[in-house]
Amino acid sequence: MAENNLVHPDNLVYEKTSVMTDRVLHYCPGCGHGTAHRLLAEVIDELGIQGETIGVAPVGCSVLAYYYFDVDMQEAAHGRAPAVATGIKRVFPEKFVFTYQGDGDLAAIGTAETIHACNRGENILVVFINNGIYGMTGGQMAPTTLPGMKSSTSPRGRDVATMGNPLKITELVAELPGTYFVTRQSVHAPANARKAKRALKKAMEYQKLNKGTCFVEIVSNCPSGWKMTPAQSNKWMEENMFPYYPLGDIKVPENQ
Amino acid sequence: MARKGDVVINIERCKGCEVCLTACPHEVLALSNEVNSKGYHYAMKVNSACTGCANCAIVCPDAVITVYREKAVKKA
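Same order as they appear, the protein sequences are chains A and B. Quick note: the first sequence uses my numbering, first residue 3, plus one each step. Quick note: the second sequence uses my numbering, first residue 80, plus one each step.
Hints are computed from structural coordinates only; laboratory data are not their basis. Remember, predicted model here, so these are calculated numbers, not experimental data. The C-beta atom is built at its ideal place from N, Cα and C for all residues, glycine as well. A hint or two may mislead.
Not the full set, but computed from the structure, chain B residues with beta-carbon under 8 Å of chain A [what the hints assert, rightly or not]: (1) Asp85; (2) Gly95; (3) Thr101; (4) Ala133; (5) Ala136; (6) Val152; (7) Lys153.
Take a look, some chain B residues computed to stay more than 12 Å from chain A by CB distance [unchecked claim]: (8) Glu106; (9) Met123; (10) Thr145.
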């Protein structure tokens, strides 16, 4: 077959970046975490900062993120990644420091650390994966769970009257003077993934400017927690998550 | 005419999530009838309409897809 001749290093247009290790990801099939990991790793690769990057892993599904990024990584206590990243950045101000956190980590137990790190304007990148649920522990309701959304601890759907409102923490940190670039993206479709990668790249580059915290939210799916196939969960996310968590830049630097 | 492309799928790492199937604009990919050693039906190429756009690879959560594309022919 003639097309087999195309499989040649000269024709290569896309392969797994070497900033990701060869370890098989433990995530469920179709989980957005894997895509988000890869896009961030590609950004680190393209900027040529593999040796200068230090990541902080959270507690949650992505607790094992340090296995997958071939950069220096530090595990933080639940929710405390921005505080740990603050310390790392202050000791190594020339390094690129990022945290990678889910919504249970960043928007629930770590709310105080997140808000204060962003308010202090720590010069770090916060990557926030929002799938509206506690994935690792079995799909319990998170602060970001949508009104009416079913989870294992809200089996009849989240009742706002008794369970409160979902927390739009990204809009919240955008109001703080310490944040420099705040955006919300998704990685479920090719166009969205490319946009998310551009946003991550911009956010990583802004770290050189020393202007404040960059905050990138990635609205993601949880096929296992939502009890759907990956394709169904992506569709459900488009129909239900995006109206509540609209995609796009929330705070952009003034001169851009 | 669109450039020709090809994909190579690491079937042992594929988890059969089908995200690449919906991302492909030319329906090049489908799930296999066979399973890999973990028991997942893996993604495979079923026709030669691939243009090497890399849409499948950029949404693959497990980074199993490598994409090749023929070089653009310069017009004389």
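Okay, the hints, checked on the actual structure:
For Asp85/B, the interface hint holds, since its Cβ comes within 8 Å of a Cβ in chain A; the closest pair sits about 4 Å apart. The interface hint given for Gly95/B holds, since its Cβ lies 6 Å from the closest Cβ of chain A, which is under the 8 Å cut-off. For Thr101/B, the interface hint holds, the least distance from its beta-carbon to any beta-carbon of chain A being 6 Å, beneath 8 Å. For Ala133/B, the interface hint holds, the least distance from its beta-carbon to any beta-carbon of chain A being 4 Å, beneath 8 Å.
Among the interface hints, the one on Ala136/B holds; its C-beta lies about 4 Å from the nearest C-beta in chain A, closer than the 8 Å criterion. Violation of the interface hint for Val152/B is found here, the shortest Cβ-Cβ separation to chain A being roughly 13 Å, above the 8 Å cut-off. Below 8 Å, beta-carbon pairs count as interface contacts, and Lys153/B has none with chain A, the closest being about 15 Å; its hint is therefore violated. With 12 Å as the threshold on Cβ separation, the claim that Glu106/B sits away from chain A holds: the shortest Cβ distance comes to roughly 14 Å.
The claim that Met123/B is not at the interface with chain A holds, since no C-beta of that chain comes within 12 Å of its own (minimum 14 Å). Look at Thr145/B: its CB is around 4 Å from the nearest CB on chain A, not clear of 12 Å, so calling it non-interface is violated.
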